[in-house]
Each structure stands twice: as C-alpha cells, then as structure tokens.
Amino acid sequence: MAALVELQGVWKRFARDWVLKDVSLSVEAGEAVALLGPNGVGKTTLLRVAAGLTRPQRGEVRLFGKPAAALEAERGALLYVANPPAFYRHLSGEENLKSWLLLLGRRVRPGAVEEAMAAVGLPLARPVLAYSSGMKKRLALARVFLAEPRVLLLDEPEAALDEEGRKLLFEAIRRVREGGGAVLLATHDRAFAEAAADRGVVLS
Amino acid sequence: MRRILALALRDLRLELRGRTGLFSALFFLGVVLLILGFALGPEEADLRRAAPGVLWVALAFAGSLLAGRAWAVEVENDTLDDLLLLPGSREWIYWGKFLFLFGLLFFVSLLLLLLVAGMFYLPLSRAPALLLTLVLGATGYAAVATFYAGLVVRLPTAQLVLPILVFSVVVPVILAAVRATIGLAEGAPIAEIAAWWKLLFVFDVVYLTASSLLFPFVIEG
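Note that the protein sequences, when read in sequence, are chains A and B.
Reminder that position 179 of the first sequence reads as 179 in the numbering used here, one-by-one numbering, no gaps.
Reminder that position 166 of the second sequence reads as 166 in the numbering used here, one-by-one numbering, no gaps.
According to the in silico footprint, chain B covers these stretches of chain A (three or more CB under 8 Å from chain B): (1) 44-55; (2) 62-76; (3) 85-94; (4) 99-106.
Hints were generated in silico from the structure; no laboratory data involved.
Being a predicted model, the structure only gives us computed values, none of them experimental.
Glycine residues also receive a C-beta, built at the ideal position from the N, C-alpha and C atoms.
Use the sequences and the hints to build the structure in full.
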C-alpha cells in the first residue's frame with residue numbers, strides 16, 4: 001500500500017521549546033491512524049505540519065508521495081478540520097459550503113450542498129455565528145461528505161459531538177477509507193481512538 | 001479568474017455584513033473632511049486650492065483603516081488555514097484579496113470625490129480624467145496594502161505595523177496622484193497630466209507584479 005501521509009524525523013519548535021522531537025509516522029491508503037497523548041504534547045502541531053501549514057525545523061513531510069511544500073493542485077484532495085472548525089460567521093452554513101467549493105474549484109451536482117446539510121441535520125439559512133460547537137463540527141462533516149478528500153486530518157473530531165454527530169463522524173471516516181483515502185486524527189479519548197482508527201501513535 | 005472573482009465577492013459580502021472596516025473608514029473620512037474644511041475655509045479660493053491634497057490625504061488615511069480588511073476577515077474567523085489549503089499556486093489568493101481591497105478603496109474614493117467636490121469646490125468638469133487618476137491611485141495603494149497586510153497577518157501588532165509599512169512604499173503613488181489631480185483642478189493640458197498617469201501606471205505594474213510573485217513566500221506560516 002502507498003503511504004499518503006509520511007513524516008520522517010520531524011522536529012518542530014516554537015521559540016525555544018521543541019514541541020515535536022524526531023517524530024516519524026506514515027498513514028497508508030485506506031488506513032486511519034489516531035494520534036494520542038495528553039494536552040500540549042504536540043498533536044495539533046503534528047497535524048498542522050502534516051497538512052503543510054507549518055514547516056518543521058528538521059525532517060521531511062510528504063503527502064501523496066510529494067514534499068508537502070511542493071503541493072499545489074494536490075492540496076484540493078487534502079482536508080484539515082481544526083478544533084473548533086473555522087467558518088465565516090456572517091455567512092450561513094450553506095453559503096460557507098458553496099463558497100468553499102467554488103474556491104476549491106470543485107463542481108458538485110445541483111442540490112448536493114443542500115443534501116449534505118440535511119444529512120448532517122443542519123438548517124440551510126442560519127448564520128454560523130448562531131451555531132453551537134456541535135453544529136460547527138457537523139458542518140465540517142458536511143465538508144468531508146462533499147469534498148471526499150484523499151487525506152483527511154481531524155483535530156479532536158469527537159469533541160462537542162452528540163451521539164448522532166458521532167455516528168456521522170464514523171460514517172465520514174469510513175467513506176474516506178473506503179474511497180482509498182487516509183485519515184489521521186488527533187484525540188485524547190482512547191476509547192474513541194480505538195473505535196475510529198486501525199492503530200494509534202502515542203506522543204509523549 | 002473565476003476563483004479570484006469569487007474570493008473578492010465573498011470578502012465584499014462579508015465586509016458588508018460585518019460592517020466593521022468600511023463604516024469606520026467612512027466615519028473617519030467624514031471627520032477628516034470636516035476638520036480640514038474648518039481649518040482651511042471658509043474662503044472658496046483657499047478650499048479650491050487645497051482640494052486635491054485633501055482628497056488624497058483623506059483617501060490615504062481612510063485607506064490605512066481599510067488596508068488590513070483583506071486579511072482581517074480571515075483572522076477574525078480563524079479561516080486563514082483553510083484559505084492556504086486551497087489548491088493551486090497562491091498568487092490567485094493575492095489577486096482575489098487585491099480585487100476586494102481595490103473595490104473597497106474605489107468605492108470610498110468615489111464617495112470622497114463627491115464630498116470634496118461639494119465641500120472644497122473641486123471641479124468635476126474633467127470627471128473621466130479624475131476617475132482615471134482615482135483608479136490608478138487606488139490600484140497602487142491596494143497592491144501594496146494587500147501584500148503587506150498578508151505579510152503581517154499573523155502578528156499581534158499587525159494593525160500598528162501595517163500603516164508604517166504601507167505608507168513607506170506607497171508615497172510615490174500618492175504624490176503622483178496628487179500632482180495629477182492638481183493638474184486636472186487647475187485645467188492643465190492632458191499631455192502634462194499624462195506624464196503623472198504614466199508614472200502611476202508604471203508603479204502599479206511594478207507593485208502588482210512584484211507583490212503577486214512574492215506573495216506565496218510571505219503568506220506561509
């Protein structure tokens with residue numbers, strides 16, 4: 001199997017503090033890997049490094065077999081969901097999704113956005129500033145359903161989600177994996193990690 | 001081109017719904033014009049002589065309030081990461097943000113032109129030439145402001161640093177625009193004014209080209 005996400009000997013520091021020290025891991029196509037560890041251990045930093053959003057001081061990051069810094073068109077097949085997920089507060093959930101798809105250069109069939117919103121149980125017209133934390137998580141899941149990414153990076157995806165929301169989250173992870181994609185998720189909930197991922201990597 | 005336009009239009013929609021930067025700039029403009037009007041008036045000849053300078057001083061300072069808006073919307077919503085993860089070379093993001101800021105500045109400059117014409121007797125008989133000067137001036141200002149606002153977007157002191165960076169580079173644009181506007185107000189021949197337009201055009205092309213090429217490197221975290 002080909003590794004879609006590969007980190008080799010990654011070191012990352014902020015000011016004088018080394019947050020990541022010589023971290024190596026890979027996530028193959030069809031695989032889900034959980035990053036485990038207590039708060040402040042560097043899980044979010046590792047996800048951001050893996051997404052190519054921040055460069056490590058040392059080490060190599062490869063996505064889809066290419067150096068993360070060299071990605072251009074391939075970034076469209078990568079989806080990073082932060083915790084909490086970020087959306088434009090003065091736009092509705094529907095407007096956020098449509099605007100994002102347009103900028104992504106992704107064409108979806110008419111009605112697909114409305115269907116995705118309905119699938120995650122969200123109203124179309126309500127502005128995101130009136131969303132709860134759980135609703136924002138659901139809107140992020142609607143993005144996953146619409147974008148069908150090949151690499152999905154999730155930061156504490158289970159946080160703020162109710163039982164129904166968690167089912168949607170598992171469904172999103174399952175779809176990405178079955179579509180030949182890779183999932184890397186960060187969590188400190190061991191039970192969730194065991195249920196959602198094939199294997200775990202503990203950061204300490 | 002479709003994505004550039006979509007980004008600019010989305011930012012414009014957010015700006016109008018958020019009502020933060022544009023309304024502050026308009027309020028600021030009103031105050032500046034009122035103070036300058038009282039300070040320089042009430043003689044018509046004095047106001048008329050000062051009009052081109054007032055136009056560009058007010059626009060430059062209102063522009064400094066608007067300069068950061070192109071990126072502030074991403075910071076306020078924590079969406080900068082999402083923007084940077086969009087596919088393609090990142091020059092298009094610069095062009096989208098530039099177009100948004102240019103649109104804001106041009107709208108403000110049109111409003112300002114009418115206010116200065118009303119309060120400072122700036123003649124509008126050569127309106128097309130005045131509009132061309134505004135377009136060239138706003139283009140140069142927006143080109144520089146979009147670039148530097150992207151450069152400092154992650155700094156906590158961005159709002160303080162940005163006007164210093166922008167003004168230090170954009171001074172030639174403002175000076176050329178003021179000279180062109182003075183020429184138009186005083187009825188100078190177009191050939192004389194065209195020299196300033198050419199200069200503005202060259203500045204715009206240089207700033208836009210350099211900024212869009214350098215932008216992908218400065219926006220990375």
